[in-house]
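Starting from the known structure of chain U, arrange chains P and D on it as the hints suggest.
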Amino acid sequence: MGVRLLELAMEVGGTLHGDGTVLIEDAATIEHAESDHITFASSADHHAAVEGCRAAAVVVPPGFPALSIPRIEVDDPTAAFARIVCRFRPPREWEIAGRPADSLPATSRCGDGTEVDPTAVVGRDVTIGRRCRIYAGVVIGDGTVIGDDVTLFPRVVLYEKTVVGDRVVIHAGAVIGAYGFGYRTVDGRHERLDQLGHVEIESDVEIGAGTTIDRGTFDATVVGQGTKIDNLVMVGHNCRIGKHNLICSQAGVAGSCTTGDYVVLAGQAGLADHIKLGDMARVAAKSGIMQDVPAGQTVAGLPAMPEREFWRLWANIVKVPELRKQLRNIERRLEGLDASAERDAA
Amino acid sequence: MGVRLLELAMEVGGTLHGDGTVLIEDAATIEHAESDHITFASSADHHAAVEGCRAAAVVVPPGFPALSIPRIEVDDPTAAFARIVCRFRPPREWEIAGRPADSLPATSRCGDGTEVDPTAVVGRDVTIGRRCRIYAGVVIGDGTVIGDDVTLFPRVVLYEKTVVGDRVVIHAGAVIGAYGFGYRTVDGRHERLDQLGHVEIESDVEIGAGTTIDRGTFDATVVGQGTKIDNLVMVGHNCRIGKHNLICSQAGVAGSCTTGDYVVLAGQAGLADHIKLGDMARVAAKSGIMQDVPAGQTVAGLPAMPEREFWRLWANIVKVPELRKQLRNIERRLEGLDASAERDAA
Amino acid sequence: MGVRLLELAMEVGGTLHGDGTVLIEDAATIEHAESDHITFASSADHHAAVEGCRAAAVVVPPGFPALSIPRIEVDDPTAAFARIVCRFRPPREWEIAGRPADSLPATSRCGDGTEVDPTAVVGRDVTIGRRCRIYAGVVIGDGTVIGDDVTLFPRVVLYEKTVVGDRVVIHAGAVIGAYGFGYRTVDGRHERLDQLGHVEIESDVEIGAGTTIDRGTFDATVVGQGTKIDNLVMVGHNCRIGKHNLICSQAGVAGSCTTGDYVVLAGQAGLADHIKLGDMARVAAKSGIMQDVPAGQTVAGLPAMPEREFWRLWANIVKVPELRKQLRNIERRLEGLDASAERDAA
Chain U
1 MGVRLLELAM EVGGTLHGDG TVLIEDAATI EHAESDHITF ASSADHHAAV
51 EGCRAAAVVV PPGFPALSIP RIEVDDPTAA FARIVCRFRP PREWEIAGRP
101 ADSLPATSRC GDGTEVDPTA VVGRDVTIGR RCRIYAGVVI GDGTVIGDDV
151 TLFPRVVLYE KTVVGDRVVI HAGAVIGAYG FGYRTVDGRH ERLDQLGHVE
201 IESDVEIGAG TTIDRGTFDA TVVGQGTKID NLVMVGHNCR IGKHNLICSQ
251 AGVAGSCTTG DYVVLAGQAG LADHIKLGDM ARVAAKSGIM QDVPAGQTVA
301 GLPAMPEREF WRLWANIVKV PELRKQLRNI ERRLEGLDAS AERDAA
Chain P
347 MGVRLLELAM EVGGTLHGDG TVLIEDAATI EHAESDHITF ASSADHHAAV
397 EGCRAAAVVV PPGFPALSIP RIEVDDPTAA FARIVCRFRP PREWEIAGRP
447 ADSLPATSRC GDGTEVDPTA VVGRDVTIGR RCRIYAGVVI GDGTVIGDDV
497 TLFPRVVLYE KTVVGDRVVI HAGAVIGAYG FGYRTVDGRH ERLDQLGHVE
547 IESDVEIGAG TTIDRGTFDA TVVGQGTKID NLVMVGHNCR IGKHNLICSQ
597 AGVAGSCTTG DYVVLAGQAG LADHIKLGDM ARVAAKSGIM QDVPAGQTVA
647 GLPAMPEREF WRLWANIVKV PELRKQLRNI ERRLEGLDAS AERDAA
Chain D
693 MGVRLLELAM EVGGTLHGDG TVLIEDAATI EHAESDHITF ASSADHHAAV
743 EGCRAAAVVV PPGFPALSIP RIEVDDPTAA FARIVCRFRP PREWEIAGRP
793 ADSLPATSRC GDGTEVDPTA VVGRDVTIGR RCRIYAGVVI GDGTVIGDDV
843 TLFPRVVLYE KTVVGDRVVI HAGAVIGAYG FGYRTVDGRH ERLDQLGHVE
893 IESDVEIGAG TTIDRGTFDA TVVGQGTKID NLVMVGHNCR IGKHNLICSQ
943 AGVAGSCTTG DYVVLAGQAG LADHIKLGDM ARVAAKSGIM QDVPAGQTVA
993 GLPAMPEREF WRLWANIVKV PELRKQLRNI ERRLEGLDAS AERDAA
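Residue numbers (the numbering used here), protein chains in the order written: chain U, 1 to 346; chain P, 347 to 692; chain D, 693 to 1038.
Bound conformation, chain U alone (with noise of 0.2 Å):
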């Protein structure tokens, strides 16, 4: 099942330099390679890695230093070799159980093209488009509407009223449309107000598996254009994310937050409640935000504050310990010098 690197370098359309007969048995990356495996570089600061790795081949960016195995070059090296990988390990397409058509409510439609397993459940008055996947145990609400293309993994639950734009992708277990987590306190009990809105997902937005997304109280959440959110994610109530966000995994976004376009929240960062993030804001792992953070501003820390004042502070902090001794000597000099100054008057 070998693969000559002459044959490998042809398919993605690359220069060969060195042995093209050498059999390639399968890719890996460059930790992971085996002695039959081809690897790849995508900069030359990889080039030390290489050297030091068990491959019998790699494929690198045009103008990397000298190697002593063979190499393909080629402009884009990640994209080669997911066509090498593809071509050991050829991806293999989730199948979906066919369903006929007519097994959904009478109320409800699906475009051409479109896949539902048949142990989705699909409310009334729903309309999905075109060419979309949905995948087993997805339960779709009342008077949802789906785009084109939109995938929804396994165990997707969308509350009724969820709007969906085209080419989404919501991976398995996430929860769209849960009630806020909005209550009064009467007579010693916590009433829920009532959660009267719903979700909007613009196009093009990936949602990772287990994230959660709450309607909004009298009007949508909102999660814009090009976002992508990743696993564990909690986006409150009445949140309106911005356009080419990326939220990482286990992020929190309290209710009622706003945040620009091309914001970035690093992993277990979490913002109080109306919060209004600037475009490309970006805000460090962990962080929380209690302020709003202008367009463009990197924030970091708990109290989030600019991440350059929080490395400068903190470069202060960890010398606090030392300061201490610092003091306490300037103390005894100052005895010194009190006492020498009683002699001196005496």
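I should point out that these hints are in silico values taken from the structure, not numbers from a laboratory. Watch out, some of these pointers could steer you wrong.
[Stated by the list, open to error] Straight line, CA to CA, 25 Å or less: simulated BS3-like cross-link-like pairs of lysine-lysine:
hint	chain 1	residue 1	chain 2	residue 2
1	P	K622	U	K319
2	U	K325	D	K968
3	U	K319	D	K1017
4	U	K319	P	K665
[As the list claims (entries may be wrong)] Listing some non-contacts, in silico: residues in chain P with all C-beta distances to chain U over 12 Å:
hint	residue
5	L362
6	S381
7	A390
8	R438
9	A630
10	K671
[As the list claims (entries may be wrong)] Reference listing, derived: stretches of chain D covered by chain P, where coverage requires no fewer than 3 residues with Cβ under 8 Å from a Cβ of chain P:
hint	segment
11	716-723
12	841-847
13	867-881
14	895-903
15	914-927
16	931-940
As the structure is a computational prediction, the values presented were derived from the model and not from experiment. Cβ atoms here follow ideal geometry from the backbone N, Cα and C, with glycine treated the same way.
For chains P and D alone, kept in the frame of chain U given last:
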């Protein structure tokens, strides 16, 4: 489809100030209201925001300052606005496809008016009360007991022998009763300790999407009456959560903690195991609790301390860079003094 | 239904001290035991607690100090108590509704003694070993391979080509094999990188409810033998988790991290991407790891540092307010000295 403002005022029993013939097309919050919408303000604090918004009319509390747009005065503007929202966008009851009562296992039973989706899986010896709503894909383990008026949203899992009170709401994807994370290490392998307990959810509890509550080791893990838990929260084995707590998103409560009544955990807070929080204790967002907290105290920080101390400490911490500069100044002055002392002595 | 204490002592092979005729009605932990219950103490540390509790009898280790209530002495009180709990409240095996073997897709197969709930969805080319338990609503993607004696609790999702070893337990709602969070930004749009790998769960691993483990980009994301993962944990793409790790609830491991053997991550800890933790490294709760951790080291803080340093630093940090006061004193004294020096000079 528009409605005259006067008609809306009458519907909510409010007092109209201004032109009642204005035609209203929809209801939206201040930030999102268009020029043919009605909005609302819960207090006079929002006066400037209302003046700056585009809405055609507004619902306000009595005594709200004068405005350039017509207003409806009512005692509870939020409730009145909710009613108006429902007029324009009626909430839709998410229907459950009927299921014949005899489709349950022979040893299980449901009370009158309970609806169980045909894709929900009900185990043996399960008792479900009256007027419950069991949505698609819910899984109810053997021996579980559920009270009246309970809603289990899609894909909730109750492990065997769970006990659920009346009027409990559990959102999609929550998992109640998985094994506690308890192991002992024998010959280099972690062996799971027996997890023989179960979970008891008292009446009027609400549990958010994706939240997990583990069973007790020998007894019950208990969530007390009226407590509200947000999304993606973890409650560990053997915990006893008190009554009327509010536990915000992504908070984590490690094993064997107890909380009093009216405790609040803000988002992403974490409790070490065996922590006790007194009645009305409050934990700030992202705090890490390593010691018991007495009744009524608010704590913050990592490790947590009384909130006031935390902020006082923080105000001092941000001065540390300045402090180091002061210290350098002092040392220079001391050297000056030393030098002059030497000169004096000479 | 009560049982004489003597009978319980005989059942667990223990030595009875005190009145064996006492009638025991149930078993409960020290805090929750009623006056007709038996309880247990794992060590003499709990002597005072036992004396203060309401239980009628107690299971203790050899050499436990004298007590006012009857006791059963055994070598392993926890195991003996678990047996007694089972006598009063037998754990119930959560049964799986049978499914005819031929209901799987033609290209998939199950070993002897394996039970698959009829609502579980099994893809094509799936191999499931012997004596497995596949609960309701589980979804198993195409090409997945599962070993012997595996338990998949309700609603677990395994994406295509997942590999699962023997004796693995995965709790409800966990998602294994979703796409990694890897994008590159082209013309202002985030394009997902190919996610061609899969997830490999080695033998004896346990995975908690709602936990998510993403597939590798080109290779496998691996969870090593005997590792135990708690609820709502995130393991990113390309991670290689070592053997016998303990990863507590809500911890997050970003992409391409590797951990040695016997590593412990406490609750809500977070690792930046590409971090390496040595064997037996330990990460304190809520810590944020931004640098590799050598074998055997315990780290804490945000950013994390060796735990001892962290606590030393913390002990100094809490003194900062005092330190500022000292500094003000010193400045006053210096002013005094300056003044007297001026007087001297005058």
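Among the hints numbered above, which are violated by the structure, and what are their numbers in rising order? The structure breaks hints 1, 2, 8, 9, 10, 13; every other hint is satisfied.
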